[in-house]
Amino acid sequence: MQTITRDQLLDKAVSLLADGTVTAVLGWSKGEFDYDVTPAVFKTEAELKENFVWNDFCGANFSKYLVAKMDRLEGKMLVFLKPCDTYSFNQLLTEHRFDREKVYAVGIPCEGMVDIAKVKAICGEGISSVDCGGDKLLVTTLYEEQPVEVATAEVLAERCVNCKSKKHVAYDELLGEEGEVIDSNRFDEVEKLEAMTPDERFAFWQNELSRCIRCNACRDACPACTCEKCVFDNPNSGVENKAPANSFEEKMFHIIRAYHVAGRCTDCGECSRVCPQNIPLHLLNRKFIKDMNEFYGEYQAGAEVGSRAPLVDYTTEDLEPGEVFDRRDTNA
Amino acid sequence: MRKCSLDSINSVFAEISKAASLYLPVDGTDGAATYTKWEEGLTWSNALNTVKSPKDFFFPQTEDLMEFKTSGKNIEVIDTRSEMEDFVVFGVRACDVKSFEVLDRVFIKEPVDSYYASKRQHGTIVAVACGRPAETCFCQTFGINPAEPAGDVSIWKTETEVFFRANTEKGEALMSKLSGLTEECGEETVNAQKEKIAAIMNKLPLKDLTTDGFGGGKTKELFDAPEWDELSQACLGCGTCTFVCPTCQCYDIKDFNTGNGVIRYRCWDSCMYSEFTKMAHGNNRLTQKERFRQRFMHKLVYYPENNDGLFSCVGCGRCLSKCPISMNIVKVMKKIGGKASE
Numbered sequence: 001m002q003t004i005t006r007d008q009l010l011d012k013a014v015s016l017l018a019d020g021t022v023t024a025v026l027g028w029s030k031g032e033f034d035y036d037v038t039p040a041v042f043k044t045e046a047e048l049k050e051n052f053v054w055n056d057f058c059g060a061n062f063s064k065y066l067v068a069k070m071d072r073l074e075g076k077m078l079v080f081l082k083p084c085d086t087y088s089f090n091q092l093l094t095e096h097r098f099d100r101e102k103v104y105a106v107g108i109p110c111e112g113m114v115d116i117a118k119v120k121a122i123c124g125e126g127i128s129s130v131d132c133g134g135d136k137l138l139v140t141t142l143y144e145e146q147p148v149e150v151a152t153a154e155v156l157a158e159r160c161v162n163c164k165s166k167k168h169v170a171y172d173e174l175l176g177e178e179g180e181v182i183d184s185n186r187f188d189e190v191e192k193l194e195a196m197t198p199d200e201r202f203a204f205w206q207n208e209l210s211r212c213i214r215c216n217a218c219r220d221a222c223p224a225c226t227c228e229k230c231v232f233d234n235p236n237s238g239v240e241n242k243a244p245a246n247s248f249e250e251k252m253f254h255i256i257r258a259y260h261v262a263g264r265c266t267d268c269g270e271c272s273r274v275c276p277q278n279i280p281l282h283l284l285n286r287k288f289i290k291d292m293n294e295f296y297g298e299y300q301a302g303a304e305v306g307s308r309a310p311l312v313d314y315t316t317e318d319l320e321p322g323e324v325f326d327r328r329d330t331n332a
Numbered sequence: 001m002r003k004c005s006l007d008s009i010n011s012v013f014a015e016i017s018k019a020a021s022l023y024l025p026v027d028g029t030d031g032a033a034t035y036t037k038w039e040e041g042l043t044w045s046n047a048l049n050t051v052k053s054p055k056d057f058f059f060p061q062t063e064d065l066m067e068f069k070t071s072g073k074n075i076e077v078i079d080t081r082s083e084m085e086d087f088v089v090f091g092v093r094a095c096d097v098k099s100f101e102v103l104d105r106v107f108i109k110e111p112v113d114s115y116y117a118s119k120r121q122h123g124t125i126v127a128v129a130c131g132r133p134a135e136t137c138f139c140q141t142f143g144i145n146p147a148e149p150a151g152d153v154s155i156w157k158t159e160t161e162v163f164f165r166a167n168t169e170k171g172e173a174l175m176s177k178l179s180g181l182t183e184e185c186g187e188e189t190v191n192a193q194k195e196k197i198a199a200i201m202n203k204l205p206l207k208d209l210t211t212d213g214f215g216g217g218k219t220k221e222l223f224d225a226p227e228w229d230e231l232s233q234a235c236l237g238c239g240t241c242t243f244v245c246p247t248c249q250c251y252d253i254k255d256f257n258t259g260n261g262v263i264r265y266r267c268w269d270s271c272m273y274s275e276f277t278k279m280a281h282g283n284n285r286l287t288q289k290e291r292f293r294q295r296f297m298h299k300l301v302y303y304p305e306n307n308d309g310l311f312s313c314v315g316c317g318r319c320l321s322k323c324p325i326s327m328n329i330v331k332v333m334k335k336i337g338g339k340a341s342e
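As they're listed, the protein sequences go chains W and A. Mapping of the first sequence onto the working numbering: position 253 corresponds to residue 253, and the numbering continues sequentially without gaps. Mapping of the second sequence onto the working numbering: position 299 corresponds to residue 299, and the numbering continues sequentially without gaps.
Calculated directly from the structure, the hints in this document are not laboratory data. Quantities reported herein were computed from a predicted structural model and do not represent experimental measurements. Each hint should be verified, as a subset may be incorrect.
Listed below are the simulated EDC-like cross-link pairs for lysine to aspartate or glutamate, each with C-alpha atoms no more than 16 Å apart in a straight line [unchecked claim]: (1) A:Lys203 to W:Glu144; (2) A:Lys196 to W:Glu144; (3) W:Lys43 to A:Glu230; (4) A:Lys335 to W:Glu50; (5) A:Lys278 to W:Glu240; (6) A:Lys278 to W:Asp233; (7) A:Lys335 to W:Glu32; (8) W:Lys43 to A:Glu227; (9) A:Lys254 to W:Glu240.
Please construct the entire structure, taking both the sequences and the accompanying hints into account.
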């Protein structure tokens, strides 16, 4: 359960609207069920009171919406940012992708978001309600007389299990307690992949990426993917494709995308969250992050505005390309 | 009606596989079910449904149409199709069976799409009743009964047994191959299951969703509804909804340059994409709102207008569970349909 309540966020949004600090609020809107929350722009107190929600299912990272949503907005937009969202926020500012003056950022603590697919794996389909309370969820289904108790820790989204930071790196105002950067185990899965033989690793990605349906949800949700016209959508690029032409091509799409966002990816995990085929796409990005940390020293994209990513910042201390080659036997 | 024990279902699969390729939902390493070609050792998934719909069997995501080879001034046109063989798709849900009817009306209408038609001709559908519908199910909104799935053969699965009923000639032919593995039986168990399903359908959260306010002739009323702004505002413009949808049927035809010729293929397209139906003058839907509106107007107004009132949604609920921002046809229908019927 979240330590900060829906009412606290609602009060903040209502008062900022009322005193004219902001003219719109980017928040989460309730759905048909307890878990299908949709990002929405609220403009009135009445709209907020009716539809605004904050619960364990508010995973969507709002930072990218700031690129598109404020063009014609008069006044400022209030945006609620969880700690991991603030890294994307800074990274987008570094890339001059939205106007900081038009945003009023409120940092909010996050105890981790729940993956409804994991809940369904335990309770089955047919969920009629999910009550988030304490460190467990109370799940009512159409098929059980009694609600089923599920430990929240068991159904956290993968990215939250490996949360990298409870600290907000950007905000105008912070609600609740500030947290710390966490010494997470997020590279454990990458190490497992590195420990595989090349054939095993190829088989792993073959299995995962063969499920890709090229819906582009990973790209479209990714805060690092903000090209106005993606090369893969441009018929004149020669590589535009609406569907994987063959199994090689679909792998290339993801590998090219991972290269493109290398050094800019904050590891927010949206790619894997939105993938309808449950492909662990974040592992590609995490491998790059791990490598860059090892090659060039620790670097966290979005930790501050204006920092230069290792790949675009030459120093005489940079390792020689040959050193990377030499590592191939010890650390693939 | 005939039946076999659930324990012996693998011998049924083995028997079907002797004469035709058999595809059925199998759990993958990610825990989700995918239609997979059956072979010894694979288990029929207990999942309610697959992430991708079975429309791939008849309308694959990518499909070569023909090939052109050039040499000097000659262009050779090559039919790349191979002889289609019989296949069986097993374990299709009632909603997805209905989706074939929606697709048929598009592809098997003059001029007949022979690529699609040939696959339909060679495919046998074994449909299974839904013992445990999900909260995201709303097939009954479109008049579909998950206890009575259509298809060439209908089956009902209990804890211990599988019941079969052939509905068509193709279904009879399939069942005749299984005569040694199945036995004649009464309908009591199946009827009991049907009653149970009916009781569950009555409890589903979306049971009251109606198509009131939609259908042919509603274009003027709905096209400029102010609600489209709000509904589409969070849409990422990805193609998830269209690619997991069993009834989305739009495709693009493209040429792949092979160096000494061209492979002409078609692939699914998505009205959510910026390049959808791009023409010489440019794009006719410039904003995501227009693209978003197109998808729902097509399913709820344009398609029924051209197809005797049949909606091109079957209530399978895939878009409800897969949309990255949880916007979907149910939310659209409640927001806009409710208003139109006021």
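Hints that the structure is at odds with (numbers, increasing): As far as the earlier hints go, not one is violated by this structure.
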